[in-house]
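> We have chain A; now place chain B onto it with these hints.
In the order they appear, the protein sequences are chains A and B.
Once you know that position 286 of the first sequence is 286 in the numbering used here, the rest is easy, because the numbers rise by one and skip nothing.
Once you know that position 226 of the second sequence is 226 in the numbering used here, the rest is easy, because the numbers rise by one and skip nothing.
Note that these hints are calculated values from the structure, not bench results.
Some hints could be false.
Since copy identity is lost for identical chains, a pair holds within one copy or between any two.
[To be verified] Computed list of lysine-lysine pairs in DSSO-like fashion (alpha-carbon distance at most 27 angstroms, straight line):
#: 1; residue 1: K2; residue 2: K201
#: 2; residue 1: K201; residue 2: K232
#: 3; residue 1: K2; residue 2: K232
#: 4; residue 1: K232; residue 2: K281
Protein chains: 2
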Amino acid sequence: MKKLINAPEDVLIESLRGLSLAHPELSVDFENHVITRATPKEQGKVAVVSGGGSGHEPLHGGYVGHGMLDAAVAGEVFTSPTPDRVQAATHAVDRGAGVLHIVKNYTGDVMNFEMAAELAAAEGIEVGTVIVDDDVAVQDSLYTAGRRGVGLTVLLEKLVGAAAEEGRDLASIVELATRINGQGRSMGMALTSCTVPAAGKPTFDLPEDQMEIGIGIHGEPGRHREPIAPAKEIARMLVEPILGDLDAAGGPAIVMLNGMGGSPLIELYLMYGEVAALLEKAGVQIARNLVGDYITSLDMAGCSLTVLKADDELLRLWDAPVRTPGLRWGM
Amino acid sequence: MKKLINAPEDVLIESLRGLSLAHPELSVDFENHVITRATPKEQGKVAVVSGGGSGHEPLHGGYVGHGMLDAAVAGEVFTSPTPDRVQAATHAVDRGAGVLHIVKNYTGDVMNFEMAAELAAAEGIEVGTVIVDDDVAVQDSLYTAGRRGVGLTVLLEKLVGAAAEEGRDLASIVELATRINGQGRSMGMALTSCTVPAAGKPTFDLPEDQMEIGIGIHGEPGRHREPIAPAKEIARMLVEPILGDLDAAGGPAIVMLNGMGGSPLIELYLMYGEVAALLEKAGVQIARNLVGDYITSLDMAGCSLTVLKADDELLRLWDAPVRTPGLRWGM
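Chain A with its partners taken away, still in its complex shape (with noise of 0.2 angstroms):
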């Protein structure tokens, strides 16, 4: 295992340790693995939590921060974070307006992190909850019923974290964060499998010549393997899919060109040049993009697109300020 890493046990707690020694501005807790901002957003504003299982950084702990999340909770790699935890986080950040979890359409996230909002609302805090199923690549999956939630979840971390800075209530952040959820989805493609420190071994085998079409964030099986295509028809197989699930033409959207952790940059910029030539072809309107790790699986080479239909609304969040170790720019 090519890693740089101590023992398997000790990567998610070294690497928040890391992450809080390289950000004075986000506060860790080391306890419950709990990132928060270190100051905490104006009391009587709605607070924004996330987590889930870790190796898909900078997702979620890298999003703390102004106009995004108020606190990330870090499971260990690939694995829920327990409810208590969650909890510990919904409580460390509720400013006394409320508390919205985005979760990941995972089957342990969605119960742990149900078991928390009533474990807060027994302390008399409320909480509203996003299940973010953005994947369109399979119905069901390893560990997810229904459609997994994937790349989505950044575009819409950044736009509901918008909404809350500018004091919304809760009932409409939760709307906002619905109708998000409904206007976006994601396909994502796999070259290599990655590698869990504790498992030690890669996740699946994949011949040096073939390539996983619809992979999931932990190396769930996608839709069909085949040997690796050129770009332009990796791009296809990426786009057409999410075309075929969400009628986007016509209009702006979002687009996200995301890489799983082990695929340059130069290879990034370059599927963008296709799927964004795609995506014009076929009428979609691409008012804003990101290219980049955005969220990853640990080592995986590859890459996933993820396509939001956007409108004023949308594009005036997006355009917010936001201040995180993974995304930045307006202030």
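Chain B alone, transformed into the frame defined by chain A:
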């Protein structure tokens, strides 16, 4: 070869196309492979140009923008851009106050930038040059007489770019750049080789249980190979040669823990925690830091460490606004 590309010979031009589509704030000259700001800086200010072989993204094209570079010249992968193209970039961004060339110390780059400077001088453009040679790993190398230019280039481009925005004259900017080069050192390591698209196979063989310490950003040989060690040990192998060559104790420093392209962020933060602990123990006061993929070697797994002795002036320049695809803050 597991890459998101079409034909190997089209990788650069197609990646530039994606960069251009993703960043309307940049302008790409596809004939010369030159990336400039869509909105040039004011007349009367020194322009800053860098470049070199591609495959190190976001360096250099991702650092074009306010507060950093005016132009980047992108050679083919790991291949120096030709003098006429460097000259085209120099000509394009000169605002009447001269142009600084930032050149990583590789024989081809040094020669081609020197010829470009002569061509520019012939048309009346004053050019100053800084050669970056911060790599403590080896004295001479595969493509280099003297030390190689690596991670410090990123920090130097940021700092000098800020000085140029302030309206300083060329002589003072050359002096600043030379001073920065004298105060910074880097050391890298690899867990895997990179694969150049045109070659189609790994540049070198590195057995599954081995790592290479002192690697160059083109896969040039380092100091020694040995069994993969814990992150703590790797950190020591990076920190010690740097501090053995640079008296950085007792003062502030800007520190970068850089990923080589194939190592995920969770590992880079873990490594940062290790190097930060060692540096602090040695009396280095880390005043600013960067953790992530800033100067890469295609898909190589591994990391490098850069330490720059700082002072009030350098920290002020560091904190000045920067707005590029690869670095962005303060605005």
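> Hints the structure violates: just list their numbers, smallest first.
The structure breaks none of the hints.
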